[in-house]
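Colleague: One letter stands for each residue in the lines below.
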Amino acid sequence: MLIIERMIIDILLNFTSIEQLNTFMAQPRNVAIIVGALVAIAAALPGVFLLLRKMALTSDAISHTVLLGIVVAFMIMVGLGANPDLNSPLLLIGAAAAGVVTVMLTEAIYRSGLVKADAALGLAFPFLFALAIILISHYVDNVHLDEDAVLVGEIGVAYANINVHCYEQCDSITITPDDARAEFGRRCTNCSAGGLSPRDPEAEFETYCINCGTHTAAEAWRERLIDSPPVQVRWPRAITTMGLIALVNIIFITLFYKELKLVSFDEALAGALGFRPTVLHYTLMILVSLTAVAAFDAVGSILVVAFFIIPVATAYLLTDRLSLIIILSPIFGIAGVYWGYDLARGYFWGLPLDGVLQWLDSIIELNGYTTWNTSISAAMVLMLAAIFVVVWMMSPRYGLIATIINRRLRRLQFEDQMLLVHLYNHLGGEREAEELALETLHQHLQWPRMKLERVLARVRLRQLAKIQHGQVYITQAGIEAVRNFAEQNLPVEHQEQIIRAVGD
Amino acid sequence: MTEQGKSCNWALEINDLTVAYNSKPALWDVDLRVPEGVLLAIVGPNGAGKSTLIKATLDLIPRAAGSIRIYGKPYRQARNLVGYVPQRGSVDWDFPTSVLDVTMMGLYGKIGWFKRPGKKERELAMSALEQVGIAHLAHRQISQLSGGQQQRTFLARALVQDAQVYFMDEPFAAVDAVTERAIVNILKELRERGKTVIVVHHDLQTVRDYFDWVALLNVEMVAVGTVYEAFTNDNLRKTYGGRIAGIGAASGAIDVTSTRDSAEYAEVGDAV
Ligand SMILES: Nc1ncnc2c1ncn2[C@@H]1O[C@H](COP(=O)(O)OP(=O)(O)OP(=O)(O)O)[C@@H](O)[C@H]1O
Ligand SMILES: [Mg+2]
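So the protein lines, in turn, are chains A and B.
Quick note: the first sequence, position 477, residue 477 per the working numbering, numbers continuous.
Add 1000 to the 1-based position in the second sequence for the working numbering, that's all there is to it.
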């Protein structure tokens, strides 16, 4: 882990200085957004296939039951006499196992034929989660695993959880008495034993070296044993963990894109062609578990579900192409993270929310709730949801606005057609004079007069009809339009028939 | 078992196959031998185990007993001899992918792990789509297909597999007369080229026209053979049991079809 971290830093140092890097990483905002973005990438990729396989709720279940894996891993560590540590790889193994167990248990319950698939999930996951809670309260009371962390995570303090990497002046210093930097003092050798005061004539003294021994580079600098401070990079651990998981997920999805697509679309064919659907299925579940457990620290077990699902659902609104969905989903996730952080800190696209609250306080009584302060990860999820809503409204195909506009356009078009068909059908008919008279046309169509005038204005504007001597006539272009409409919208055998039948 | 050499003559050879879901048998002691180069219909009522028979043959579900050989080899070694068209309803047609993409899936087995389909695969898929008459829909999203077009897509996907034995689960379900004709022509063409095609079929009226062999299945295998030998009133009665209301002396087959569950079989007209 540390080696990988060091490699990342080495690469980064090609582009920036250590000083700049430290300043950057000391900013909570920067670290929170980077970690959040990595969570977004890591979660959205398996999320795409969860959604495709209609397993959205499985991610919810897994993100809870990984807790069981964590607790069991903790217990094993304690049992082995090791120091329990939230960064141990044993945790990842435990989490992966818990994810697999959840899915296997669900499938076993389902296959028993007693309940439906959703109920099977509903049985398996609370059971495992409850087990985890009981084990936590019984065995791991003293470790840092409180509910707050489980539910919402602590992305805001990710910047404080660091590994130190030293680059220069790193060696520890050993001072021996003959070193030039050695400092000496005198102390009484028999004072405490003999109950003497140092002033006592019987007191005996010896000279000893005050600063002899081994000092770390940082201590050495503090004591001014070295001329310059050690050069260190203070690197937030969460970036490495999340970054690795994101990388693993990217590699997995890239390598097995074709296989995952096939298995998700047609499991039977995948099996028949010799791609192992079960193996791919469980690998995906393991990745979901690993992502969930890695994100656990950052965004908590509940909110990580939002990162699996919402950005993917958003991308789904925009495109029908799987490859594009895979690219867009992490982008929406990152956008939510970026704006979400600012929202949590009281800014909504630059609008200071404290000011808004104070202003509201002056109008309605807010009982002093005038400072905006909220959970960062919750705000990020809120933003993910907000982006979903905005995209849903704006999306050109399934979007709310597009749907409304389309429906309205179609209604207008249909009104035009009804009028034109009426004009067409009675053109040259025996009751032409009566049916096409401008004054009474609206009665024949059974429309309000206003509506007729509106529609007539539209078709005249497009030169599909004309008024002559108080009669309304369809033009050649109008006849074309009627034919086109019938061809596009009516089944062949009905076209003539229906054109004739419309109108009275 | 003793005639190991002779068994290679069969395109498909199933011996004593039993399959159970939760200890409830879906197939019971089924034997089926299909020679090369025939069009075989598997008929039987809903829940007779027709889909199960195909899935067991393709090793998709475990079998409780029995053996299955394709050209004398177990499925695992005969994989590239087999083409498969699942029941149309078994996949989600809202899946975000195109007709061409779905067709190319038939080639994934040949491409193998990791590698992506390239230009050659694209061309193969296009020519298969031309064969089934929907090349113009190649880039369309599958969510925008009609039932008949979906079925043609699946057929194209099986064609690119370039197999020796094809298994098709209800390729005629909910397609219009034009599509049905087109599919039948393709099946007959496959037979001309020496392929064996095994089709789950529900329309008893057309069995005689479309197929030369028939297998009547209802958990147990009632009869297998040429249509002439096996497709008799007697066998149909055994297969469909009490569900047959009044088999006429003249043409049992047609009377049987009149009792079909109308919701299941409603043939939806489908403009292609
Ligand atoms: N996954 C499953 N789990 C449990 N039982 C199943 C499963 N699949 C099928 N069955 C049962 O096995 C029997 C045979 O099913 P199968 O799908 O093979 O029938 P079929 O002949 O294809 O029917 P249909 O004409 O409706 O397609 C049925 O009774 C069905 O309920
Ligand atoms: Mg079936």
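Hints are computed from structural coordinates only; laboratory data are not their basis.
Glycine included, each C-beta is placed from N, C-alpha and C at the ideal position.
Hints should not be assumed to be uniformly reliable.
Unchecked claim - Residues from chain B that keep clear of chain A, each with C-beta distances beyond 12 Å, as calculated: (1) Lys1024; (2) Asp1059; (3) Pro1086; (4) Asp1094; (5) Gly1112; (6) Met1126; (7) Arg1157; (8) Ala1230.
As the list claims (entries may be wrong) - Restraint-style ranges between C-beta atoms, simulated for each label pair: (9) A:Gln446 with B:Ser1143: 47 to 53 Å; (10) A:Pro89 with B:Ala1135: 49 to 55 Å; (11) A:Glu487 with B:Ala1135: 21 to 27 Å; (12) A:Trp392 with B:Ala1135: 31 to 37 Å; (13) A:Glu487 with B:Asp1092: 29 to 35 Å; (14) A:Gly429 with B:Ala1177: 52 to 58 Å; (15) B:Gly1112 with A:Leu351: 31 to 37 Å; (16) B:Asp1092 with A:Ile479: 40 to 46 Å; (17) A:Gly470 with B:Asp1092: 55 to 61 Å; (18) A:Leu13 with B:Ala1135: 35 to 41 Å; (19) A:Met394 with B:Ala1177: 40 to 46 Å.
Colleague: All hints, please: hold or fail.
Modeller: Quick rundown of the hints versus the structure:
no., hint, result
1, Lys1024, "violated, 9 Å"
2, Asp1059, "violated, 7 Å"
3, Pro1086, "violated, 5 Å"
4, Asp1094, "violated, 9 Å"
5, Gly1112, "violated, 9 Å"
6, Met1126, "holds, 18 Å"
7, Arg1157, "violated, 8 Å"
8, Ala1230, "holds, 27 Å"
9, A:Gln446 with B:Ser1143: 47 to 53 Å, "violated, 38 Å"
10, A:Pro89 with B:Ala1135: 49 to 55 Å, "holds, 53 Å"
11, A:Glu487 with B:Ala1135: 21 to 27 Å, "holds, 23 Å"
12, A:Trp392 with B:Ala1135: 31 to 37 Å, "holds, 35 Å"
13, A:Glu487 with B:Asp1092: 29 to 35 Å, "holds, 33 Å"
14, A:Gly429 with B:Ala1177: 52 to 58 Å, "violated, 38 Å"
15, B:Gly1112 with A:Leu351: 31 to 37 Å, "violated, 55 Å"
16, B:Asp1092 with A:Ile479: 40 to 46 Å, "holds, 44 Å"
17, A:Gly470 with B:Asp1092: 55 to 61 Å, "holds, 59 Å"
18, A:Leu13 with B:Ala1135: 35 to 41 Å, "violated, 55 Å"
19, A:Met394 with B:Ala1177: 40 to 46 Å, "holds, 44 Å"
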